[in-house]
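Residue numbers (the numbering used here), protein chains in the order written: chain A, 1 to 229; chain B, 230 to 448.
It should be emphasised that the hints constitute simulated quantities derived from the structure, not laboratory data.
Possibly wrong hints are sitting among the right ones.
[As the list claims (entries may be wrong)] Think about it this way: if two alpha-carbon atoms lie no more than 30 Å apart in a straight line, the pair counts; the simulated DSS-like pairs of lysine-lysine are:
id	chain 1	residue 1	chain 2	residue 2
1	A	K161	B	K397
2	A	K142	B	K300
3	B	K397	A	K186
4	A	K161	B	K372
5	B	K300	A	K161
6	B	K372	A	K111
7	A	K118	B	K372
8	B	K423	A	K37
9	A	K44	B	K300
10	B	K300	A	K111
11	A	K142	B	K285
12	B	K372	B	K362
13	B	K350	A	K118
14	A	K37	B	K285
15	A	K44	B	K350
16	A	K134	B	K362
17	A	K37	B	K397
18	A	K134	B	K300
19	A	K161	B	K285
20	B	K397	A	K134
[Stated by the list, open to error] Just some of the chain B residues that point at chain A, by a computed CB distance under 10 Å:
id	residue
21	Y253
22	T274
23	N276
24	D315
25	F317
26	E342
27	Q345
28	E367
29	H374
30	T390
31	P396
32	D398
33	E411
34	C413
35	L414
Bear in mind that the values here come from a model prediction, so they are computed numbers and not experimental data.
Even for Gly, the Cβ is constructed at its ideal location relative to N, Cα and C.
The chain contents come next:
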Amino acid sequence: MASGSGSGSGSGSERWSEGLETEAAMAMETTDVELLKRAWRNEKAAPEILQFEAALVLRAREQIQLLEETLEEFTENGVDDLVVSLYQMDLDRTLFLLRSYLRIRLQKIEKYMIHISKTNLWNRLSEQEQRFAKRCTDIMEKHLEQSVLSRLPYGYQSILKQSISSEEDDMVPEPQLDTFVFCKTKSAVGAFQLDDTGDEIVDLVADDLYVLRYKSIKGLVEGGRIDLV
Amino acid sequence: MAFSDLSHLWHRQTNKKWIYLIMYGRRASQLLRELACSETGQLTTFNSDAFDQVIKECNEHNLQLQSLIRKIEDENLDIQTTRNEDHFGAVIHHLSLIRNKHCLMAYMYNRAETIQSLRWKVGPVLPQEIQEKLNYSEEEYFKNHSAAIESYMSELDLDLTVDMVPPKDPYIRVRVLDDIGEVCLGDHSISLTKHSLHFLRRTDAEPFISQGIMEEFLE
């Protein structure tokens, strides 16, 4: 975990240790369920697919299994129904978060499979998701091939290009990155430049709500410095 | 290729030429209007007549385009620099073809997206009335795509098609809409006859609800 935050900021040992401290503080404050909820919320609000939280998903699944075993024990030992149903509710909520998280990701893959497989977004997918994306792309290509592309004249049969004369792939659906998102700062980010030219600068203070273009805060989301809501 | 040069030049042309494009692309745009008019998530019957006609139009554009290019070549003019009426005619056919391709692809692609969403909403087997609206390739697409989702879920050993809405209560009251018969839920079996009311675990009830043979019973 420490190495993750170190490579993220990558400038000076001071910031590195600062990152370590906040991460340690965060780890104490938040449970895995909270972390999963955050990952789920970010994934839900971000227009493009985010890094797969492999370790977190693994831990969440372990805890779900533990809860399931506990529940089984409870029913065997005849523990009070109310207690059982409270545990059950807790389990259901965690399961929902996990399923919904994985589902949102699959749906993003379904939507932007070709774009994802052509860019470095590919590395954000889990192994299973990569297999899913590969298969989906093949299926979609076959479908479009046999119903449209193979029936068009030579030179216009590419799935990626409008015609043979296009120099780049100009027919691939891509997520809209300049859409607006609601986001909440965890700690003060300070003066933040919203565009390339530096005309728009906003002071991001701790624990405040903003509506900004996803494109401009993309880096902050990926670095875990800001949460989408 | 000659085309790139043609389309590049297009941007300097007058708006007048668009009139031809609109006329040429009309049928294809009707396909898209059909999509736009239907509610999101709803499918209309695959419009194979209009679809085939647009495909035919594309091939006609191509024939015209090729013959214009041949004409320029026969006149021993340089295809890269010639700017006569044949050149602009070819540009129009090229762009009309691209426009038609866009519309056809958008039509298929948007329908495919709706078909994907059916796997999540309806389940692995489509009811007859939806099945009828798909063309052959789309039926195949749905089957293959569902299989891809299923193999992902079995790799994970987790069913993602349940729990579509955040759980409020782990148990819900449901009414059975069709005779389902004896079903094994958890460690006991239960007889789900038509019109009967049950108090079930939400996760057990959801598959039946999404199939439309059970509904949440709200007082």
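Hint-by-hint comparison with the structure:
1. A:K161 - B:K397: This hinted pair is violated, its Cα atoms lying about 47 Å apart.
2. A:K142 - B:K300: Violated, at about 36 Å.
3. B:K397 - A:K186: This hinted pair holds, its Cα atoms lying about 29 Å apart.
4. A:K161 - B:K372: holds (27 Å)
5. B:K300 - A:K161: holds (27 Å)
6. B:K372 - A:K111: Roughly 17 Å between the alpha carbons, so the hint for K372 (chain B) and K111 (chain A) holds.
7. A:K118 - B:K372: holds (25 Å)
8. B:K423 - A:K37: violated (39 Å)
9. A:K44 - B:K300: Violated: K44 (chain A) and K300 (chain B) sit about 56 Å apart, past 30 Å.
10. B:K300 - A:K111: Not OK: K300 (chain B) and K111 (chain A) at ~44 Å, beyond 30 Å, violated.
11. A:K142 - B:K285: Within the cut-off at roughly 21 Å; holds.
12. B:K372 - B:K362: holds (15 Å)
13. B:K350 - A:K118: OK: K350 (chain B) and K118 (chain A) at ~29 Å, within 30 Å.
14. A:K37 - B:K285: violated (52 Å)
15. A:K44 - B:K350: Given pair K44 (chain A), K350 (chain B) holds - Cα atoms ~18 Å apart, limit 30 Å.
16. A:K134 - B:K362: holds (27 Å)
17. A:K37 - B:K397: The hint holds at about 16 Å.
18. A:K134 - B:K300: violated (45 Å)
19. A:K161 - B:K285: holds (20 Å)
20. B:K397 - A:K134: violated (36 Å)
21. Y253: violated (15 Å)
22. T274: violated (15 Å)
23. N276: violated (12 Å)
24. D315: It is violated, given that the least Cβ distance between D315 (chain B) and chain A is near 18 Å, above 10 Å.
25. F317: violated (16 Å)
26. E342: With Cβ-Cβ at 7 Å, under 10 Å, it holds.
27. Q345: With a minimum Cβ separation of about 5 Å from chain A (threshold 10 Å), the hint on Q345 (chain B) holds.
28. E367: Since chain A brings a Cβ to about 7 Å from E367 (chain B), closer than 10 Å, the hint holds.
29. H374: holds (6 Å)
30. T390: holds (9 Å)
31. P396: Status holds, d = 4 Å.
32. D398: holds (8 Å)
33. E411: violated (23 Å)
34. C413: violated (17 Å)
35. L414: This hint is violated: L414 (chain B) lies away from chain A, its Cβ roughly 14 Å from the closest one there, beyond 10 Å.
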